[in-house]
Amino acid sequence: MFHIYCPHCAEYREEEEFHAVGQAHIARPADPDACSDKEWGEYMFFRKNPRGIHHELWVHAAGCRKFFNITRDTQNYDIKEVYKIGEKPSVVAE
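Quick note on numbering: the sequence shown equals residues 1 to 94 in this note's numbering.
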């Protein structure tokens, strides 16, 4: 078990209280009606799965129920930073 820092509650909580939602920083198409089926399918279903630094969207499901982002190293589960929605990550892949 490991602990995750919630930027909204401002405290570390057990991992069981959180759920990973998916890749962070995915922009919704400006005009979904104008998208082709291929473009919409890629937006809905295709995500990056990098080895190394990855930005993920998480929710504090058993706590404040707010969403936030985590920058995590997928090779060793090391959490590099936690930041609120709308903030820019300071840790990026090289």
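Bear in mind the hints are in silico, worked out from the structure with no lab data behind them.
Among the clues, some could well be false.
Unchecked claim - Derived BS3-like pairs (lysine-lysine); straight-line CA-CA distance at most 27 Å: (1) Lys80 to Lys66; (2) Lys84 to Lys66; (3) Lys66 to Lys88; (4) Lys66 to Lys38; (5) Lys38 to Lys48; (6) Lys38 to Lys84; (7) Lys88 to Lys48; (8) Lys84 to Lys48.
Stated by the list, open to error - Ranges between beta-carbon positions, derived for each pair: (9) Lys38 to Ala10: 39 to 47 Å; (10) Cys9 to Glu42: 32 to 40 Å; (11) Ala34 to His3: 41 to 49 Å; (12) Tyr12 to Ser36: 16 to 24 Å; (13) Glu15 to Ser36: 34 to 42 Å; (14) Tyr77 to Pro32: 30 to 38 Å; (15) Lys38 to Asn76: 29 to 37 Å; (16) Val21 to Arg51: 15 to 23 Å.
Beta carbons are placed, not taken as given, at the ideal position from N, Cα and C, and that holds for glycine.
Practice item. Could you work out which earlier hints the structure fails to respect and list their numbers in ascending sequence? Key: 4, 6 and 12
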